[in-house]
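Given next are the chains, with one letter for each unit.
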Amino acid sequence: MDFAPNSEQQMIADSFAKVFAAAGEPRSVWEELGELELLRLTWPEDLGGFGAGCSDLVAVLSEAGASGAPEPLIGAAALPGLALTRAGAAAPTVPDGEICLALADTNLHLADGRLTGSVNVVPGADVADTLLLCLPDDRLVALPVDAKGLSLEVYELLDGRGAADLHFQQVELSQGSVGGPTPGLHAWLCDAAAMAFAADALGAICAIRDMTQEYLKTRKQFGKTLCSFQALQHAMVDIYHDTEHFLSLVHLAAKTCDSDDVAMRMRAVSSVKRYLGGRMRDCIASAIQLHGGIGVTEEYPLGALAKRVIVADLLNGSSASHGARLARLIAEETRAELNITGQEKDVA
Amino acid sequence: MDFAPNSEQQMIADSFAKVFAAAGEPRSVWEELGELELLRLTWPEDLGGFGAGCSDLVAVLSEAGASGAPEPLIGAAALPGLALTRAGAAAPTVPDGEICLALADTNLHLADGRLTGSVNVVPGADVADTLLLCLPDDRLVALPVDAKGLSLEVYELLDGRGAADLHFQQVELSQGSVGGPTPGLHAWLCDAAAMAFAADALGAICAIRDMTQEYLKTRKQFGKTLCSFQALQHAMVDIYHDTEHFLSLVHLAAKTCDSDDVAMRMRAVSSVKRYLGGRMRDCIASAIQLHGGIGVTEEYPLGALAKRVIVADLLNGSSASHGARLARLIAEETRAELNITGQEKDVA
Amino acid sequence: MELFYTKADIAFRDEVRAFLDTHLPQELSDTFFNFKRHSWEQMIRWHKILANKGWVAAHWPVEHGGTGWTPMQQYIFDSEAMMAGAPRLRPFGLKMIGPVLMRFGTDAQKERFLPRILSAEDYWCQGFSEPGAGSDLASLKTRAVRDGDDYIVNGQKTWTTTAQHANWMFTLVRTDPQAEKPQAGISMLLIDLSSPGVTVRPIRTIDGDHHVNEVFLEDVRVPTNLLVGEENRGWTCAKFLLGNERVSIANVGQSKAEMSLLKRLARDRKIDGVALIDDPVFGAKLADLEADFLAQEVTNLRMLAGIKPGGEVGPLSSLLKLRGSEIQQRIQELAMEAAGADAAPWRADRAAGGGNGDDYGIHGWLTSRAFTIFGGSSEVMKNIVAKQTLGL
Amino acid sequence: MELFYTKADIAFRDEVRAFLDTHLPQELSDTFFNFKRHSWEQMIRWHKILANKGWVAAHWPVEHGGTGWTPMQQYIFDSEAMMAGAPRLRPFGLKMIGPVLMRFGTDAQKERFLPRILSAEDYWCQGFSEPGAGSDLASLKTRAVRDGDDYIVNGQKTWTTTAQHANWMFTLVRTDPQAEKPQAGISMLLIDLSSPGVTVRPIRTIDGDHHVNEVFLEDVRVPTNLLVGEENRGWTCAKFLLGNERVSIANVGQSKAEMSLLKRLARDRKIDGVALIDDPVFGAKLADLEADFLAQEVTNLRMLAGIKPGGEVGPLSSLLKLRGSEIQQRIQELAMEAAGADAAPWRADRAAGGGNGDDYGIHGWLTSRAFTIFGGSSEVMKNIVAKQTLGL
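In order, the protein sequences belong to chains R, E, Z and Y.
Quick note, the first sequence lines up with residues 1 to 348 if you use my numbering.
Quick note, the second sequence lines up with residues 1 to 348 if you use my numbering.
Quick note, the third sequence lines up with residues 1 to 392 if you use my numbering.
Quick note, the fourth sequence lines up with residues 1 to 392 if you use my numbering.
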């Protein structure tokens, strides 16, 4: 219940931390992680993976968030693995090489076996050899990035991680490239992606929190350390509380993604997203404010971590859309309660 | 521009203050105000009034709010006067005695010259001999409270001021009791009523502000006056700033009610209501918090003043409905700008 | 939160539900679901029903008549009972002085008082705050002077919740005015409220209710065997007790039940023909509150997992109290907004347990102002967290 | 706010509009309405156009080449120019050192420097903050030691906005390290940035831009005739200057223009086929921001009414700066929300004045973090208001 990682989760998280800490020596972080088979945590066992679930990911992704590592751990490792594991036999065959998950929405159209339209802001697509595309009808498609009619516009996100917009012009789908349907897969992957970015942001925000606490204890103004000013103490306490609550929600979201309780999963994931677009955004603003000028310089590591939190906020559905989804869930649940209890009260 | 009352407005406000201060000696405040003809400020000159406008009311109503006086100055003096003045020749004849304005909404229906339905929470209706009813079609109706089919459910509001729910059952309207239409009257009166309660609340919140500032300077805890704690200082500064901004908005709303700029009036009044339901509600909560235990006792005058602010928030349209109105105004204005400038930009 | 329940937890929950179905009187749950407040008598009735079942002291060890439940079971019981509309058990005996006596009391004190808390023969109130000692509790002035086998107590207590119903009061008094630190000269005494020299005077609060009182103590004789712990060491007992009080104020189970009342209110209230719960703007506020509540609920479970039965609550109590009291205030604020202009009339009968969905929110808004003041103001809580938890 | 305009004000507004229509280059307004930022060169171009018309120093008295406008006229000009998409004039010469020289400078200083501010021959930057002296400005360490007719200056300044474009810097230096109060030993010096020993080094900020710099001063010789006011009395000049800076940061005219950009963004952005400006939840946020802006706009007019041209700004500057900087942050935050996931890609060309409606908000969100820090952090502002205005 205290959400501390179990010994196995801790061991894996430590392995990641070690690789991040030794970045680039002797191999790149990405190569090193691949070497240690840490990129296949969530992959099905028959593809050389470990079949890890969302709860197993939290510690690892938090480690990545805290380290600021730009590697596409979510888009090009965790998510394609989760997708393939969940789809099981319904998954298409995927070739060797880098694979990235792309979640299609209504901007992509399938007609006569051809895809036209676009999928925007796909994290990790910059390194992919193969796109694992999840269609809104819950089927997975495996497509080489050099498929005819497919073009990628590659760029960096705010936080330095790579992404791409995918443009499809009559891209033909070959027989073997399309898997069978896995009911609920698309919605599940959307929530799992939101959860994964939130776990990453959790690491970043906890690092920001520690950094801010330390800064308050050392920086002096007006002849006193900053931490002796009550208004700053209280602001730091608010950051502490909000991040503790966020931690609770991220673990809840991960646990619900591993469960079959769809309503609870949506409730938890939308709550997490609501926190990212609300209290967490306020927390990073407050942490910058508590630092003063140094907090807005590019050189100081806070800014890059803050942008990582903002990316988690912006991707995988806006805070507004998750607020609306959560409100709908509440309305439905409250009406359902009415049907069970029949206790309608006359209020007006 | 600095919104200080002019000398005449100040003189009148001072007269009110004097009467409030000497409450009940020798006559009741209401009788005294009547005696001094202060209840007819906004009435047309041909009915013995002074034809004062909304801006003239701000200082007087703030004085009432600050004093906590329970007399129905708004419902049974200011508003009926404004209504009769604005309607001019289109107003119905009103008899002597106490008159109160009631703003009908869609819960009241007129059919075959008879009224059925209700008008709820009408401040000042508890003292009225005659109801001056404004129908949604912009006509005024003068009705004795003992009219057949009309019944009043009288009660106190949260802040101790009187009000009533009016219930109509086939109440017949005689020929002379119905005035002619005055275009825009109903909407204008709704805004003027909101403005008047806001001006009253302004007085209350300023009194709360002064009281809180004084308390911080005198109350000791942990061997120091409260005002030496930075977190409390900052909370007090927030109250100060928010109430200064509220003051600006109330004066703006009054001025716009006296003008012909309907869009600006709606914008200003809805902004005032938005402040009442947001920042002002937070201010009174903060003032209570800064007082600690004493702030939640009935004996201490803060609570009664706070309830006066809440009444202004609750009546004359909810904060939510005014937020929606303001948003609509913004959307319309922004679209109109598009039509003028033709400068549509491609954003997406 | 059932996601976190073990099989045993689910079986326990079903047992609790079955008990509530059969033993919670309809009249008590009707009171709650009709937006009224439980009366003193209703609370005592429910207390006795639970005592009869052996479930009234959820977090006391079995040897003292408690249930011996795990923290998770305590939470399950509390939230199930609250959601069913049961009265909230008052914390003063069960959660405050009871655990203090178990930890610091003499055997005689335990034998004498603990059973009478369970049976509701005794009802306790808390004599801590004074007019000049609110947030700064350690500056209290009530004096106790030893006179043979008695203390003679003089002073004034305030904010004494439900003292009008109580027959006993646990009190902090100053026994050594010369002590170096103000905390060092304080002792905890148990005072029989029927003693000569005790006067209880009501304080009305801005919600129109009579929750709290002033208690005047004039030459009140208190036998020395009613001293809890050591003389001049009462601050230790008080800190232990305040930690428990703060968790009690956080009250996650009650918030959960009130969230569900708020949702019903919003479901049944129509604005221009549309249910308020379907209004996007109100919905967004409700969603944020839900997210905050969900976070609080899980954080509470995280915290409970670290508490041993009868043990100290530790630094987490501040965190729970801070956010919990804010959540309760926001629930009431939204309920007030839901009622709109209908919240403006003052219903005097609310003070006597009356009221309805219209005045539920505004009454609660006024009542809940005290939640961020009493039991440690939010400002003092933040000072404590800054210092003790964050080391600032 | 036209409600408050006199007939003369309306005539003035029409004159300003006519001027803007004919003299504001289309390329400059296009930059604004396309959500890009004005370059340094664009700002200088606009400065010279205004200087040519005699309108560049709106709040300077006529004798120094200013307009002699009333505060209301200054506001009308500022908001009309901003709404038309004109570049914002940088404040360092016009609003900061200019008024200081008029008030405290020698005749020789006025004659030498004021005309060159108007003509844009000189561009100034502010050398106040130091690595160890941010909010606590009075603790600055840069030393100036008299040597004949020169001071020799050693030290380091930081957060020096647009120093990369400036040829002059007004600076606070310590001339008496033994002074009783830290403020008492400070002087204001004017430093030619082409002097030997001056090094300017860029600081990149989290928005990717180059706004601010470090300025290193190593044995820089400054003639004593470039001392402003009396030696060791520089704090008086600094306080006067900071008041003006704060009003400048509040920037009501610019906020008004940015509000209108935000509304256009919301009007043109569609979510599931519905314009964002018609979304009730976004609309509610926009409504609250509008109410806050309206309140700020009227409060600003109230305040301006009390200022005489060239006079001190007084305590109101803190109030304007506090809320003004918050409003600017919230405008940018809503613009970021409006863009949604399209705000996530990093557009490097934004730093070079590029960008579009998608990155406008996130870039502004990052940039505007500094608005509640620079020129007096919000915390310091609140300390000042608490002490000076409220007497706490």
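Mixed in with the good hints, there may be bad ones.
[What the hints assert, rightly or not] Pairs of lysine-lysine, DSBU-like flavour, derived with a Cα cap of 35 Å: (1) Lys256(Z) to Lys285(Y); (2) Lys224(E) to Lys181(Z); (3) Lys181(Y) to Lys256(Y).
[To be verified] Per the computed footprint, the stretches of chain Z lying under chain E, defined by three or more beta-carbons under 8 Å from a beta-carbon of chain E, are: (4) 128-140; (5) 199-205; (6) 342-349; (7) 372-381.
In case anyone wonders, no lab produced these hints; they're calculated from the structure.
We put the beta carbon where it would ideally sit given N, CA and C, even for glycine.
Now for the hints, and whether the structure bears them out:
1. Lys256(Z) to Lys285(Y): It holds: about 28 Å lies between the C-alpha atoms, which stays within 35 Å.
2. Lys224(E) to Lys181(Z): 16 Å, holds
3. Lys181(Y) to Lys256(Y): Violated - the C-alpha atoms of lysine 256(Y) and lysine 181(Y) are around 41 Å apart, more than 35 Å.
4. 128-140: holds (count 6)
5. 199-205: holds (count 3)
6. 342-349: holds (count 5)
7. 372-381: It holds: at least three residues are needed, and the region 372-381 of chain Z offers 6 whose Cβ sits within less than 8 Å of chain E.
Figure legend: structure checked against the earlier numbered hints; the only hint not met is number 3.
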